[in-house]
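Student: Same order as they appear, the protein sequences are chains A and B.
Numbering follows the working numbering, with no gaps: position 206 of the first sequence is 273.
Numbering follows the working numbering, with no gaps: position 152 of the second sequence is 155.
Hints are all accurate, no fakes.
One-sided and incomplete, this derived list gives chain B residues near chain A with beta-carbon spacing under 10 Å:
no.	residue
1	113
2	114
3	115
4	117
5	120
6	127
7	136
8	210
9	212
10	213
Listed next, with one range per pair, are the computed distances between beta-carbon atoms:
no.	chain 1	residue 1	chain 2	residue 2	range
11	A	182	B	198	42 to 50 Å
12	A	143	B	192	52 to 60 Å
13	A	188	B	42	34 to 42 Å
14	A	128	B	200	53 to 61 Å
15	A	182	B	214	28 to 36 Å
16	B	124	A	128	26 to 34 Å
17	A	203	B	200	23 to 31 Å
18	A	85	B	34	38 to 46 Å
No lab work stands behind these hints: they were computed from the structure.
All of these numbers come straight from a predicted model, not from anything done at the bench.
Glycine included, C-beta positions come from ideal geometry on N, C-alpha and C.
Residue-level listing of the chains:
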Amino acid sequence: MGVDVAAVQFKQVTKNYGSGNVLENFDLTIPSGQIVTIIGPSGCGKTTLLKMINRLIEPESGSVLVEGQEVSTLNPVELRRNIGYVIQQIGLFPHMTIEQNISIVPRLKGEKKKDLVQRTEELLQLIGLDPQQFRSRYPHELSGGQQQRIGVARALASNPSIILMDEPFSALDPISRVQLQKELIKLNEKVQKTIVFVTHDIDEALKIADQVILLKDGFIIQTGTPANLLEAPASDFVREFLGAERFEQYSI
Amino acid sequence: MDQFWNTLQADWPMILQKMGEHINLSLISVLIACLIAVPTGIILTAYKRVANTVITTVSVIQTIPSLALFGFMIPFLGIGTKPAIIALTLYALLPILQNTYVGIGGVNQALIEAGTGMGMTRWQILWMVQLPIARSVIMAGVRLVAVQTISMATIATYIAAGGLGDIITRGIAMINTVTIMEGAIPVSLLVIVVNLLLLGLNKLLTPKGLRQYTRN
Ligand SMILES: Nc1ncnc2c1ncn2[C@@H]1O[C@H](COP(=O)(O)OP(=O)(O)OP(=O)(O)O)[C@@H](O)[C@H]1O
Ligand SMILES: [Mg+2]
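If we strip away everything but chain A, and leave its shape as in the complex, we get:
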């Protein structure tokens, strides 16, 4: 696969749940190996956008391409196993241990048991939880923040090149949030993953992003590097949404 092939591409995508278009003739290119954050008011279509990448939602018209291949032509099960996904509601399986939860995608792919144990250990370390202490616990024995970290580890388990994250750090305390943000940036530098990251936290969005996409009512209001957005906000809405005080700080 060529390096210049975009990780994800939306071409003239329209999505309608039955009461008007959520997205309309939507175009977007997400370059490979970058962290792209998607921000925008609640209900603007962020989750919808994310779920169209792994075919949890099908568009009414237009096409979505993943690494150059139109997703509608791919087997959805295969496609999803090769894309990491952290859902907004965490969604850990309550009847499975942390280890079983983390290793679920590799298990679906038929990887060997022995490799899984090792992999789980590495991932738990990566997200800052002691493997000895946590691997055989059940999700209800973890705090909300710890559960959310497991959700992230689970998405990384099969080493996908693209990871979709829907507000993955929303339940974390500020300290572990910052820690995980750093880990994510480090991870991305080390293994060049494409991370599509939805968040409500503007600080977070600006901090981790190579590219920020600001949505409103299904339209891209502005996209660019965090510096681009702060230096040249496209409209008052951008200024307002990012927070006026940020611009004061920035211009000083």
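Chain A is already provided as a structure; the job is to place chain B with the ligands on it using the hints.
Tutor: Relative to the frame of chain A, chain B with the ligands by itself:
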């Protein structure tokens, strides 16, 4: 009391034989009911619009007095084991169907979405997520049905299907309390033992991660 023990000793082989028939009737009926009601309950969760109609229809069976239901079998199937099993099975359908429907349908949507998003097939979601989480609810239905079927199988004697009911009706005909007890006590014991067995099995099968939800 002495008389009771003497009679019991004499009747023991016969009691064992009737108990065997009784277990046979009940077990087969409950198994068939499971084989019908569990898949149906699962399928209905995908067709919520018809689910209510189906469940209401099945629940009508429950309103027929059991003795009458056994009677209704005679014109179609005659007498014997087969019609008795069918009547018992019909009675057993509703609780299993209802619990399967509620249990599978009640699995948190976020879990199903997480599973789908990670690339589980629908079968894998059913086997790896929905069934394990719903299992104890379904098993509660099966336990209820097992208890109900064992006690109802006593009536099967009226259509010559055998079982411990044979002993009880003979005791009634002879107005002999000892004989009645020789039929009734094994039925009660069976109910208690089966109930405890299924309770224990459910506890054993429930993963630690789900126990907090299934206390009581
Ligand atoms: N399954 C659905 N059926 C009907 N409408 C839907 C459905 N899912 C989303 N919508 C609508 O589509 C729009 C976009 O929803 P989406 O979930 O993508 O928003 P979001 O940007 O992720 O919001 P939030 O920040 O609150 O998570 C909303 O107006 C929402 O009401
Ligand atoms: Mg959302």
